[in-house]
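Chains as they are written, first to last, in the numbering used here: chain A, 672 to 1057; chain B, 144 to 402.
Calculated directly from the structure, the hints in this document are not laboratory data.
A couple of the hints might just be wrong.
What the hints assert, rightly or not - Okay, the calculated beta carbon distance ranges per label pair:
1) A:Thr-964 - B:Arg-275: 52 to 58 Å
2) B:Lys-188 - A:Ala-700: 31 to 37 Å
3) B:Pro-312 - A:Arg-681: 42 to 48 Å
4) A:Glu-901 - B:Ile-155: 51 to 57 Å
5) B:Ile-380 - A:Gly-866: 57 to 63 Å
6) B:Lys-188 - A:Glu-978: 38 to 44 Å
7) A:Ala-704 - B:Gly-290: 49 to 55 Å
8) B:Gly-377 - A:Glu-951: 18 to 24 Å
This structure is a prediction, so every number in the text was calculated from the model and none was measured.
Built from N, CA and C at the ideal position, the CB exists for glycine as well.
If you want the building blocks of each chain, they are given just below.
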Amino acid sequence: MTIRLSDEQRALRDAVRQLADERIAPRAAAIDASGEFPWDVVELLAAQDVLALPYPVEHGGLGGELLTVCLAVEQISRVCATSGLILVVQELGSLPLLLAGTPEQQARWFPDLAAGRALAAFALTESEAGSDAAAIRTRAVRKGEGWSIDGAKRFISQGNVARFVTVFAVTDPSPEAVRAKRHISCFVVEQGTPGFATVRLEHKMGIRGSPTAELLFQDVRVPDANRVGEVGEGWSIAMRTLDRSRPGVAAQAVGIAQGALEVATRYAAERRQFGKAIGEHQMVAAMLADMATRTEAARQLLYTACEEIEAGSPAAARWSAMCKLFAGDTAMAVTTDAVQVLGGYGYITEYPVERMMRDAKITQLYEGTQQIQRLVIGRDLLARGG
Amino acid sequence: MRIVVLVKAVPIVGNERLGDGFRVDRGSGLEPNGNDEYVLEAALKLTETHGGEVTLLTMGPAAAADALRKGLAMGATRAVHVSDGALAGSCARATAEVLAAALRRLEYDLAFAGADTSDGQGGIVAAAIAARLGLPYLSYAAHIEPGADGATVRVHRLSPAGYDVLEAPMPALVMGTQVLGEPRYPSLRGIMQARGKETLTWSLADLGIDPARVGAAAATTRVLSAAPPPPRAGATIIRDAPDVAVARIVDFLAARSLL
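The shape of chain A in the complex, shown without the other chains (with noise of 0.2 Å):
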């Protein structure tokens, strides 16, 4: 199967990357330097509708398909992985909603979010349940008309800056329940419900403008109209959350190596050594051609996930798993490469190149680390019998 992109994907692809180029990229090293969540980057995706593009649009959205959002997220990653990441998560924050809200639901929060005007956090991860997710220790009980959620979540990207965090507890821990993954249930919590606090943001390696939060529930009261699908369905949404969602982090790994591999590129063809452009020296020139092969590799494999995913392949989870390994690995492969290239260049700050690297790590890492990715493809692999 050959990926041909539509007219408008490749218009809406250009436009991005016109933004990214112009906009976003003179900010990047200020916002990996500085640490601070770029609310004006906020601003520029919600003004060019770009974080408008998963959502429906009778909701504000421009329903968009998922090889069409992970295309906007290459292409500001590219440039600067902080800011991908941005509609990675707008996305994995409302897949919740979009695969099991109710039209209600959906009216009542996807304009806002549709229009940037609200930003939306996933909150499954506890500070002990991480690959082990189904581990998960907060709980909601009813009460009265509601729920009354208690406990903590982890490393939860943009959960202090999102307006709507889509939560994950636990609402029947009989052993039961758990056995059949039906001890789950997913609530959205906004922010400034009384109870709900971040108590921590993380320092990191990369991706340094995203806040990381720490999440803490104490007697958090929501209706029971915030509740997200069934009771005992939370598991199956996270799940099927989870197998949209990787190709976005797929997305944000390819665009993290294309950035680097064009860093290298241009710095291979101006930096004279020998009497020669690098470039023109074997064991660079074959770096670079490394570089653009595993590259183009992810792309494709990644491209080929989204559309298998979109029609609806019973191996979704296959496809989504393939993908971010692949990617991950690249863009971790290929950034390392590229602060090779560039020598002692690469490993300051004065290059783009060490920051690309460090954020390349975080892509083989969340969203379930590589090992749970195998894991997930070695297991459907198992089940269907290749």
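Given the coordinates of chain A, work out where chain B should sit on it, guided by the hints.
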């Protein structure tokens, strides 16, 4: 307020190639001429403030549709594309004749044109159109606003001393400069909506123009030779820390009496 914006589809700046007869190859990879985007932006702002609609008008090959799509994505209401195989190689005189004929078929209060084009830089087509149609011609506009009575247009025309304020009855043709203000980026919504907007394609027959009057054979000027400028050489790249680099650049310029 109905505004027609003249748009030329030009090769993406930096990618210009010369084809047969020293003609700029405009077969593919076209974008709206940069100066035209500035007057389109001014037109969009005027209609957003005062109501009305913006029509894009271009004469160009099939590939010019890409440039029109960008203009539609920025917010224009419709596009008119004059396209005819016989037009290839037309000179400025023929271009003005064709665009004037197209404007006669459109209803408008104002027509806007950019100062010149990045691929040709003749800068005379707009004035020639105004002359053919007997329209007031307001050139080098830095600011455009409707007159108080609603029947006139007022512009600030750049002058060596500042600007002159000109007023003319509508319809009129305004040639604008980059001082009008930065063009917007097309929003993603605009790009998706552009697909559903009206694009009219007119041939020479539609305009009632004899093909013998246009094209390379009828050209009143002929390009005898064209060549890309020689590559720049001897660049000095300064890679010092900012304070040292600034001092070196100041020294460099001062040594050449450029400061």
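Results for each hint:
no., hint, in the structure
1, A:Thr-964 - B:Arg-275: 52 to 58 Å, "57 Å, holds"
2, B:Lys-188 - A:Ala-700: 31 to 37 Å, "33 Å, holds"
3, B:Pro-312 - A:Arg-681: 42 to 48 Å, "44 Å, holds"
4, A:Glu-901 - B:Ile-155: 51 to 57 Å, "53 Å, holds"
5, B:Ile-380 - A:Gly-866: 57 to 63 Å, "58 Å, holds"
6, B:Lys-188 - A:Glu-978: 38 to 44 Å, "40 Å, holds"
7, A:Ala-704 - B:Gly-290: 49 to 55 Å, "51 Å, holds"
8, B:Gly-377 - A:Glu-951: 18 to 24 Å, "21 Å, holds"
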